[in-house]
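Let's have the full structure, built from the sequences with the hints guiding it.
2 protein chains.
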Amino acid sequence: MNYSPINLEEKLDKFADHWAPKIIAQMNDYHFKLVKFQGDFVWHSHADTDEVFIALDGEMSIEFRDGKVDLKAGEMFVVPRGVEHKPFAKEECKIMLVEPAGTINTGDAGGELTTEENVWI
Amino acid sequence: MNYSPINLEEKLDKFADHWAPKIIAQMNDYHFKLVKFQGDFVWHSHADTDEVFIALDGEMSIEFRDGKVDLKAGEMFVVPRGVEHKPFAKEECKIMLVEPAGTINTGDAGGELTTEENVWI
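Here the protein sequences line up with chains A and B, keeping their order. Under the working numbering, residues 57 to 177 are what the first sequence spells out, in order. Under the working numbering, residues 57 to 177 are what the second sequence spells out, in order.
By construction, these hints were calculated from the structure, which means they are not laboratory data. Watch out, some of these pointers could steer you wrong.
Copies of the same chain are indistinguishable here, so a pair counts whether it falls within one copy or spans any two.
List of simulated lysine-lysine pairs, DSS-like, C-alpha gap at most 27 angstroms [unchecked claim]:
| hint | residue 1 | residue 2 |
| --- | --- | --- |
| 1 | Lys78 | Lys128 |
| 2 | Lys124 | Lys70 |
| 3 | Lys70 | Lys142 |
Printed below as a string of structure tokens:
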């Protein structure tokens, strides 16, 4: 049988919208998602889970109520469960997220940027 | 507070041995690990969990009993639970693994390449 790798760049080329994560892989009950950030996201938290951000291309920041972390390509960060955060990218940044299947992008905050149903690409 | 990103290249520079995964991050009860592959690993499987391979630098393959997958930098693959596999890299390849904390590198196979206790770097 011929198995196919998941190529991140090819997957990133399949969409152009911002803030709406797309699923590219599943490991147990976790999803690996790609997302493009540009501008300001909303303050939110995820009560039940940590959330991993891996910067693939570009630069982004995650603001916290008491500080922030800057990420560039090749850097990652784990936002602990329950901690309020606000992603931000001055210019477009391409990111891989790792989190439990069903995790909502805006967490507890809701609002117009909410993507209830993540799609596979 | 000043939060620090996890820089993959800096972490990779901290070790030179092959086949012994080092932990760089924890998300819930999962670990993100870096590992350097060169040569042939052993056939093994993980009965209880899928396992994610993300190639960061170089090229590697994962052989299965009925085929194989080739990964180069920027590509990933999820080995399903229970499926026998054998990682292989002709030249050194740098990889990120994602799997539950406590996952043993040689799975059910044991042997001299087993790293029972993964260390944090």
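Verification of the hints:
no., hint, in the structure
1, Lys78 with Lys128, "both (20 angstroms within a copy, 22 angstroms between copies)"
2, Lys124 with Lys70, "between (30 angstroms within a copy, 26 angstroms between copies)"
3, Lys70 with Lys142, "within (25 angstroms within a copy, 31 angstroms between copies)"
Of the numbered hints stated above, none is contradicted by the structure.
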